[in-house]
Structures are given as C-alpha cells and as structure tokens.
Amino acid sequence: MTGSGLKQKVARLRQAYAPHESRPLGGYLAAMGTYVTVTASLVGLVRATGRTVPERPAAGDVVLLCVATHKLSRLLSKDAITSPLRAPFTRYDRPIGSGEVMEQVRDQGSATRHALGELLSCPFCLAVWVATGLTGGLVLAPRLTRLVATALTAVCASDFLQMGYAIAQRAAEGGPDGT
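Sequential numbering from 1 applies to the sequence shown in the numbering used here.
Worth flagging that the hints you see were computed from the coordinates, not collected in a lab. Owing to the predicted nature of the structure, the values given are computational and were not obtained by experimental measurement. It is possible that part of the hints are untrue.
Claimed, not checked - Pairwise CB distance ranges (calculated): (1) T150 with T82: 15 to 23 Å; (2) V46 with F124: 49 to 57 Å; (3) A30 with G133: 28 to 36 Å; (4) A171 with T37: 46 to 54 Å; (5) A166 with Q8: 23 to 31 Å; (6) G109 with M163: 33 to 41 Å; (7) Q8 with L45: 18 to 26 Å; (8) A18 with R106: 16 to 24 Å.
Using N, Cα and C, we set each Cβ at its ideal position, and we do this for glycine too.
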C-alpha cells in the first residue's frame, strides 16, 4: 500500500469513527505506544536486575497502591499547584473546590497535544499510568515505593478528614449543610 493510500484509509477511518467530531486518534495511538514502551521498559528492567515478581501481591500493598494511585492521579490531574505541568496541553476553566481546578483541553495544535491534554486532565485516565509506575516501583524499589505510597495515602486520608471537618463545622454553626 502506498503512503497516499494509507493516508486515505486513515482519513476514512477517522470519518467513520467520529463523523461529527474531531477525535485525535493519532494522538491516542502515540499515547498508547508510549505506555506500551514504558511498560515494556519496566518489564525489561525487572528482568535485567533479576528482581522477582511476587506471585500474588500482599493485600496491604494492593490497598496502599489503590489509595496512592487515587491521590497521585488527582494531584497530577486536578491540583492547582500542578497546573504548570498541564498548562501546555490545557486551559484553565474554573476552580472546583478543595484546591482543585477544572481545565479544558487545548484544541489547537497536534493530535498528540490534544491526547496529552485529555490524559493529564483526567484522573481516571492518568490512574492507569500512575498504577503502572507504582507497581513497577513496588518490584524494583519496594521500600521506597511503599514509603512514597504511604505518604500519598496519608495525604488522601487527610483530604477526607479536612472535608469531613468542614462539613461538621458548618453543621455545628448552622450553615448550609447544618440547617
């Protein structure tokens, strides 16, 4: 197949996939390719270092990584302080409370830029990458990974305690939630 024939086939595929909307399929492919490369590199590093992969992760590690993945994904994708990391790919929209911001993906530029904007502003999307990194870290540097995950888990618990305290305070003062 010639280069122009392939381009036509890809253009038809894009049109058939989303006839009324521009979707950055090429950017998604680039992101998936990067994810596969990062994951394969982690596997290669584990093999090269001779680390053993546990047959079954400890339940405590699974819980720790779940909470740490949640917190790090939100921290990277929504926290106001990390907005400079997302700024090349997103545009500020509005605050959404608790130190978080809502951002819109920048539509100008390449499909890869758009796909990265979606990835970096979506905690659900970013969680796959974070969980992969933390899981790789658990095999390659378990003590350090558990320490970092413990800190992230403590911050997550603190967030929920802060929110619970604010609700209790409003209720005690007869605020909007305290009638």
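Checklist entry - Per the hint of 49 to 57 Å, is the separation of the Cβ atoms of V46 and F124 within bounds? => result With a Cβ separation near 26 Å, V46 and F124 fall outside 49 to 57 Å, so the hint is violated.
Next on the checklist: Holds or violated: the 15 to 23 Å window for the beta-carbon distance between T150 and T82?
Outcome noted: Given range 15 to 23 Å: holds, Cβ gap about 20 Å.
Checklist entry - In this structure, is the beta-carbon distance linking G109 and M163 contained in 33 to 41 Å? => result Taking Cβ atoms as reference, G109 and M163 lie about 36 Å apart, which means the hint holds.
Item to check | Whether the CB-CB distance between A166 and Q8 falls inside 23 to 31 Å | outcome: 57 Å, violated
Checklist entry - Taking the beta carbons of A18 and R106, is their distance inside 16 to 24 Å? => result Since the Cβ atoms of A18 and R106 sit about 18 Å apart, the hinted range of 16 to 24 Å holds.
Checklist entry - Is 46 to 54 Å right for how far apart the beta carbons of A171 and T37 are? => result 51 Å, holds
Item to check | Outcome for the supplied range 28 to 36 Å, where the beta carbon pair is A30 and G133 | outcome: Since the Cβ atoms of A30 and G133 sit about 19 Å apart, the hinted range of 28 to 36 Å is violated.
Checklist entry - Does the Cβ distance between Q8 and L45 fall inside 18 to 26 Å? => result Given range 18 to 26 Å: violated, Cβ gap about 40 Å.
The earlier numbered hints that this structure contradicts are 2, 3, 5 and 7.
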